[in-house]
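Protein chains: 2
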Amino acid sequence: MGAAVPADWPSMTDANPCHKHVMMAGRVYRTVSDRCWDVEKRVADMEEMGLRLQAISPMPELLSYWMDPAAADDLLRYINDQMAEMVAHAGGRLVALGALPLQDIDRAIAELRRLKHELGFAGIEIGSNVNGKPIGSPDFGGLFAEVEKLDMAVFVHALRPAGMDRLIGPAQLQQVLAYPTDIGLAAASVITSNLLLRRPGLRIAFSHGGGTLASLLPRLQEGYQVFPVLQESIQEAPVAQARRLYYDALVYDDATLLHLIAKFGATQIMLGTDYPFAFHDHTPVARAASAIANEATRNLVIRDNARRFLGTGERVSP
Amino acid sequence: MGAAVPADWPSMTDANPCHKHVMMAGRVYRTVSDRCWDVEKRVADMEEMGLRLQAISPMPELLSYWMDPAAADDLLRYINDQMAEMVAHAGGRLVALGALPLQDIDRAIAELRRLKHELGFAGIEIGSNVNGKPIGSPDFGGLFAEVEKLDMAVFVHALRPAGMDRLIGPAQLQQVLAYPTDIGLAAASVITSNLLLRRPGLRIAFSHGGGTLASLLPRLQEGYQVFPVLQESIQEAPVAQARRLYYDALVYDDATLLHLIAKFGATQIMLGTDYPFAFHDHTPVARAASAIANEATRNLVIRDNARRFLGTGERVSP
Chain A
3 MGAAVPADWP SMTDANPCHK HVMMAGRVYR TVSDRCWDVE KRVADMEEMG
53 LRLQAISPMP ELLSYWMDPA AADDLLRYIN DQMAEMVAHA GGRLVALGAL
103 PLQDIDRAIA ELRRLKHELG FAGIEIGSNV NGKPIGSPDF GGLFAEVEKL
153 DMAVFVHALR PAGMDRLIGP AQLQQVLAYP TDIGLAAASV ITSNLLLRRP
203 GLRIAFSHGG GTLASLLPRL QEGYQVFPVL QESIQEAPVA QARRLYYDAL
253 VYDDATLLHL IAKFGATQIM LGTDYPFAFH DHTPVARAAS AIANEATRNL
303 VIRDNARRFL GTGERVSP
Chain B
3 MGAAVPADWP SMTDANPCHK HVMMAGRVYR TVSDRCWDVE KRVADMEEMG
53 LRLQAISPMP ELLSYWMDPA AADDLLRYIN DQMAEMVAHA GGRLVALGAL
103 PLQDIDRAIA ELRRLKHELG FAGIEIGSNV NGKPIGSPDF GGLFAEVEKL
153 DMAVFVHALR PAGMDRLIGP AQLQQVLAYP TDIGLAAASV ITSNLLLRRP
203 GLRIAFSHGG GTLASLLPRL QEGYQVFPVL QESIQEAPVA QARRLYYDAL
253 VYDDATLLHL IAKFGATQIM LGTDYPFAFH DHTPVARAAS AIANEATRNL
303 VIRDNARRFL GTGERVSP
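As given, the protein sequences belong to chains A and B, one line each in that order.
In my numbering, each residue's number is its place in the first sequence (first place is 1) plus 2.
In my numbering, each residue's number is its place in the second sequence (first place is 1) plus 2.
Pulled out of the complex, with its shape left as it was, chain A reads as follows (with noise of 0.2 angstroms):
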């Protein structure tokens, strides 16, 4: 940037050994690992965690959907530069979801191209709302034909939820309850306004097993077939246009995840891990293996359906 640094752009400063502070407005947001940045590490971790390939993206609070758009554009570019260079030294192990400026749509395609023509990412990630818009707002229509267009995979992660003044506890609790609670709430902002039959071509996967639309979604559906409003509004059954949708299995919980696997689709559930922060799971592989009794189903979720959604069939050996 030819200007000066702005007052909410991020930083680092060191931590404790191998971690870094998350400065942000000169406050530590957070304090991370080097497995964030660390390739070498990170693909040792892999090896653990009998991970072949796994997909990055940049910690959400780095979407920075809340800064000028101007310098929103130049910090994201250099976050997926720094993406980039990380994939470049991994030796196929890596694949990125790349950050655009929602804030300014025009920006966003600008650099949603450069992602693809240039830097060669699988998809991008995008925040479960912008600046409280939910994902299905009709704001994002452009985008999304792009998206479609470039056959680029999305990647929704919980950010600044809805729902913070009504926990009860420690800070941690916006993670644990308002991040799943937005997850769910933006999921059913895609099905409700018909995202996916506009653009059957998008792959849009949902973090935290998609939060809550596992309990919203037969509501939903009621819902549907009861006000002759809603039977107008949303053009096809609920409950099939999540079948259209990705999750992660990250929901901790071997009944749930196989809640979600019955009500979403065998196809449509993949490994999520949340590495290398405290919520991460540690034997992704071996915890859906132990909970999936059926064959088939286990090889899409620990493996075809990424390769589906990240669109890297071809690239990756079996």
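Just so you know, these hints were derived from the structure itself, not from any lab.
Computed from a predicted structure; not experimentally measured.
Hints are supplied without guarantee of correctness; some may be wrong.
[What the hints assert, rightly or not] Some chain A residues flagged as far from chain B (calculated, every beta-carbon gap over 10 angstroms):
1. P19
2. M25
3. V34
4. R54
5. D70
6. R95
7. A112
8. R115
9. E150
10. R200
11. A239
12. A242
13. T285
14. E297
[Claimed, not checked] Heads up, simulated EDC-like pairs for lysine to aspartate or glutamate below, C-alpha to C-alpha not over 20 angstroms straight-line:
15. A:K118 <-> A:E148
16. A:K135 <-> B:D167
17. B:K118 <-> B:E148
18. B:K135 <-> A:D167
Even for Gly, the Cβ is constructed at its ideal location relative to N, Cα and C.
Assemble chain B onto chain A, guided by the hints.
Relative to the frame of chain A, chain B by itself:
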């Protein structure tokens, strides 16, 4: 009331035959059927639905937490008296869950005592939040102490929910998506605030099958295990605390109902109908009977859990 009627005082005007408009602030809030107040028709419908006993409670928007406390107190006393009359004319087929002006805890406790000692109510209905404060807030500690002492049931219904700005589509999505969202967060607030550990005699039931709680719970449990600060503030495992709460079975999907029974416990789920509104289940007994293969569980869900929750065990013949 001696004073002039406040502008936000609800009223009813004639609609089509057997229906009236509920007017709020001069506009039609909702058009409701005479099943709301006609005991004879209600009991006839109960016969058809296979119900021996039904708990009645005010339409949630009437809870009026946003109204001047004195005016709300007057209104809710009137509503409670009307419900008492319905119960008196129903030949033992109805019990009442009354309304309290929770914007003023002293008034609320006074009315709670009247419900118990003068009107003989089984319990109360409360909103999932009171002007944005979830029911697990310490503000309601005094109320719940008195509820426990008086041995009354608490039914929590969604009201003016969080997440409204995350909805894309018709206004009906409020009750379809935001209601279960707010109920899930309300139930989570009861868990994270350890309310049932402080008040183990409380019987609290949540509408909409606990809303999104089933989706939130495994992640809350994992967070409790991962974050020391949550381990410290939450005094019993969330999955155990969830089994101290009651939930209705109104989830419109057999697999989801069985998932709730497995997660929350066969002793904690009971029929809910939403009668006589658009979402109401016309065949609650038949639906539960066909969904639940285990006879002991079926009897609990259809009959015994509601009796235990309502404290009417001795008043209903088997």
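Right, here's what the structure says about each hint:
1. P19: At roughly 21 angstroms from the nearest Cβ of chain B, P19 (chain A) sits farther out than 10 angstroms, so the non-interface label holds.
2. M25: holds, 21 angstroms
3. V34: Check passes; 16 angstroms lies beyond 10 angstroms.
4. R54: holds, 25 angstroms
5. D70: holds, 23 angstroms
6. R95: holds, 26 angstroms
7. A112: With a cut-off of 10 angstroms, A112 (chain A) remains clear of chain B, as the shortest Cβ separation is near 26 angstroms.
8. R115: Holds, since 27 angstroms exceeds 10 angstroms.
9. E150: Holds: least Cβ distance 19 angstroms, greater than 10 angstroms.
10. R200: holds, 13 angstroms
11. A239: holds, 13 angstroms
12. A242: It holds; A242 (chain A) is separated from chain B by about 14 angstroms at its closest Cβ, greater than 10 angstroms.
13. T285: holds, 13 angstroms
14. E297: Since the minimum Cβ distance to chain B is about 22 angstroms, E297 (chain A) lies beyond 10 angstroms and the statement holds.
15. A:K118 <-> A:E148: Holds: K118 (chain A) and E148 (chain A) sit about 11 angstroms apart, inside 20 angstroms.
16. A:K135 <-> B:D167: holds, 7 angstroms
17. B:K118 <-> B:E148: holds, 11 angstroms
18. B:K135 <-> A:D167: holds, 7 angstroms
In terms of the numbered hints stated before, the structure departs from none.
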